[in-house]
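Engineer: One-letter residues, chain by chain:
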Amino acid sequence: MSASYIFRKFKNSLFFGLCLVCVIIAVVPLLSILYEVIMRGAPQLSLQFLTKSGLEGGIGPAIQGTLILIGLTSLIGIPVGVLSGVYLAEYGNNKYAASMRSINDVLTEFPSIVVGITVFSVIVLGVTGSYSPIAGAVALSFILIPIVARTTEESLKLVPTSVREASLALGVNKWKTTLRVVLPSARAGLVTGTLLAVARIAGETAPLILTILGNSYFFQGFNAPMDALPIRIWTDARQPYAEVQAQGWSAALILILIVLSLNIGVRLASRGRLGR
Amino acid sequence: MVREQICMIKKLAGDNLFKILTAIVAASAAVILIVNAGTLIGGSLPVLQRFGTYFFTGTTWNPVEGRELFGALPYVMGTLVTSAIALLIGVPISLGIAIFLAEMAPKAMKVPVSYLVELLAAVPSVIYGLWGLFVLRIWMQNYIETPLSTYLGWIPIFSGTPFGLDIFTAGVILAIMIIPTVASVSREVINAVPDSIREGAYSIGATKWEVIRYWVLSYGRSGIFGAVILGLGRAVGETMAVTMVIGNAIGPVAMPTSLFKPGQTMSSLIANGFLESTTPIEKSAYMGVGLILLLVSLLINIGAHIMVTRVLKVKGGAVE
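Here the protein sequences come in this chain order: A and B. For the first sequence, position 59 (counting from the first letter as 1) is numbered 59 according to my numbering, and the numbering increases by one without interruption. To convert a position in the second sequence, counted from 1, into my numbering, add 1000.
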C-alpha cells in the first residue's frame, strides 16, 4: 500500500469523524434546553400554579390565552390554507397559481415581527381599537395560512391521478371528487402538516407582543388584551426577581410540552395508523 | 334530453363555482403580502420624507420631541453581522450533519438523528431566548469570550469586556436556530445527486470522502448555496431569541464594531421599542426599519427558492 493511499484513507475517516462531531454539537443545545426547562421549571408546578391568575402568582391566563389563540387561529387559518392548497394542487397549472405558489413560499419565511407591526396598524388601531385576541389570531393566521397551503398542496399531489380518474369515470363532479375522494385520501399528510403548522404558531412570540400585549387576568373579551404562554415567558425572563424568573421557566416547560407533544404525537401517529 | 342538459349545466356550474371559490381563497397569499408591504410603506413614508437618506446612513436614534433624529444604519449592520456569524458557525455544522445523514449514517441511526435535528426546529424561539439568557450566556462568558478577550483582546473585534449579552452570543444562538433548515435542505440536495455520479467517481478509485467532497458537493453546490441562503433568511427575520441575548444598545454605540459589545438588530429594535414609542414620527421610524427588514428578507428568500428548486428539479429526470 502506498503512503498516499493510507493518507487518503486517514483523511476519509477524519472527515467522517468530524461529521459525527457536528451531529453531537447540534444535539447538545437541544438536550441542554430540555434539561434546563425541566430542572428549573418543574419545581414550581402545581395545580394552583397552573390554574390561578397572574395576580395570585399563577399562569392560568397564559395557558388559557394560548389555547384560545390556537383555536381562533385554526378557525381562520386552516380553512383558508386548505382551500388555497386545493386550488394550487387541483387547478394549479397556470400562471396565477404559479405566482401564488411562489408568494406562499416566500411568506413561510416571512419575519414574524413585521406581521406584528402590520396587524397592530390595521387591526389593533383600525378594527378592535385595543390589543385583542382577534388581532393576535389574525397575526398568527398570516403565518399559518402559507404553511398549511403548501402542505395541503404537497399532500394532494401525492394522491395518484388514477384515483381522481376513477371517481370522474363514475360521473362524479370534479368538486365532489376533490372534497369526497381526493382530500380523504390525502388525510394523513393533511393532518400531519396542519398539526405541525399549529405547533409552530403556538410558540410564536414576536407578533403577539404587538397584538395581544399580555394580561394578568383571565380572558377579558374579544377586544381586550390577553395573555399567552410565550408572552408570559418573555415578560418573566426580563424581571430581576429569581422567583418570577422561575415562573417563566415553568411557563416554558408547559409551552414546550404543548409544542413537543404535538410534534411527537403527530409523527408517531403518521407512522402508525395514519401511515403513508 | 332537456333534463340531461340541465343536469350537465348544473354539474359544470358547480365545478366552475368551486374552482372560482378556491381561486379567490388562494389569493390570500397575495393579500397577506400586499397588506404587509402596503402598511409598512404607508407607515414609513413620514420618516422617509422627513429624514431622507439619513434614515439609511445615520446612526443617531433620538425620539425626544423637537429633537427627533432617526438613523437605522446600526441595526441594519447588527442584523447583517449577527447573521454572518450565524452562517460562519452554523453552515459547516449543518453540512456535516447533512453529509452524515445522507451518506454515512447506518439506517438505524438515520431516523432518530434526523428526528432530533428536526426537534431543534420545533423549539419556540422565545425558549431559545430564555435558555440563551440564563444558560448559553454563562457558557459564552466563561468558556469562550473571557479566554478570547484575554489572549486576543488586542484584535479590535475581540475588544471590550465580555459580558455574555452581546453580538457574539446572538450570532451563536442564531447559528443553532438555522441548523435544522440548512441541514435538512442540504440533505435533500445531496440525496438528489444522481447515483451515476457517485458510481463514476468510485470506479476511478476515489474514497468515500473524496466522492462527497469533489463530486457530490460540487454537483449540488447551487442547491447547497440555496440552503445557506434559506438559513440566512431565517437568521435575518428571527426576533425573540436575539432580542433576549443581544444586549439592546441604541444609537451610535449599537454599531457592531466588536463581537463583545451589546448590539441591536432590526427585529430586536422593533420588539423592544415599538410599543413604547409615543410620537407618530417615532412609530413611523420603527415601521421604516420594518420595511427595510421586509425588503431584505424578501430578496433573500426569493433568491434561495430559485436556487433550491433549480437543483431539486433536475432530480425529476431530464438533466437540462
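Rather than coming from a laboratory, the hints here were simulated on the basis of the structure. Quick caveat: nothing in here was measured; it's all calculated off a predicted structure. Hints should not be assumed to be uniformly reliable.
List time: in silico DSS-like cross-link candidates among lysine-lysine, alpha-carbon distance up to 25 Å [said to hold, decoys possible]:
#, chain 1, residue 1, chain 2, residue 2
1, B, Lys1208, A, Lys176
2, A, Lys11, B, Lys1107
3, B, Lys1107, A, Lys174
4, B, Lys1010, A, Lys176
5, B, Lys1208, A, Lys157
6, B, Lys1019, A, Lys95
Between beta-carbon pairs, the in silico distance windows are [unchecked claim]:
#, chain 1, residue 1, chain 2, residue 2, range
7, B, Glu1199, A, Pro160, 28 to 38 Å
8, A, Gln220, B, Lys1107, 33 to 43 Å
9, B, Leu1299, A, Gln48, 27 to 37 Å
10, A, Phe222, B, Thr1278, 24 to 34 Å
11, B, Pro1106, A, Leu31, 17 to 27 Å
12, A, Leu18, B, Asp1015, 34 to 44 Å
13, A, Phe222, B, Gln1049, 32 to 42 Å
14, B, Leu1017, A, Asn223, 29 to 39 Å
15, B, Leu1012, A, Leu75, 30 to 40 Å
16, B, Ile1157, A, Leu67, 44 to 54 Å
17, A, Lys176, B, Ile1306, 35 to 45 Å
18, B, Ile1041, A, Leu18, 18 to 28 Å
19, B, Pro1106, A, Leu67, 48 to 58 Å
Beta carbons are placed, not taken as given, at the ideal position from N, Cα and C, and that holds for glycine.
Engineer: Against each hint, give a clear statement of whether it holds in the structure.
Structural biologist: Going through the hints against the structure:
no.: 1; hint: Lys1208(B) / Lys176(A); verdict: violated (52 Å)
no.: 2; hint: Lys11(A) / Lys1107(B); verdict: holds (23 Å)
no.: 3; hint: Lys1107(B) / Lys174(A); verdict: violated (42 Å)
no.: 4; hint: Lys1010(B) / Lys176(A); verdict: holds (13 Å)
no.: 5; hint: Lys1208(B) / Lys157(A); verdict: violated (35 Å)
no.: 6; hint: Lys1019(B) / Lys95(A); verdict: holds (15 Å)
no.: 7; hint: Glu1199(B) / Pro160(A): 28 to 38 Å; verdict: holds (31 Å)
no.: 8; hint: Gln220(A) / Lys1107(B): 33 to 43 Å; verdict: violated (54 Å)
no.: 9; hint: Leu1299(B) / Gln48(A): 27 to 37 Å; verdict: violated (50 Å)
no.: 10; hint: Phe222(A) / Thr1278(B): 24 to 34 Å; verdict: holds (27 Å)
no.: 11; hint: Pro1106(B) / Leu31(A): 17 to 27 Å; verdict: holds (21 Å)
no.: 12; hint: Leu18(A) / Asp1015(B): 34 to 44 Å; verdict: violated (57 Å)
no.: 13; hint: Phe222(A) / Gln1049(B): 32 to 42 Å; verdict: holds (37 Å)
no.: 14; hint: Leu1017(B) / Asn223(A): 29 to 39 Å; verdict: holds (35 Å)
no.: 15; hint: Leu1012(B) / Leu75(A): 30 to 40 Å; verdict: holds (32 Å)
no.: 16; hint: Ile1157(B) / Leu67(A): 44 to 54 Å; verdict: holds (46 Å)
no.: 17; hint: Lys176(A) / Ile1306(B): 35 to 45 Å; verdict: holds (38 Å)
no.: 18; hint: Ile1041(B) / Leu18(A): 18 to 28 Å; verdict: violated (47 Å)
no.: 19; hint: Pro1106(B) / Leu67(A): 48 to 58 Å; verdict: violated (42 Å)
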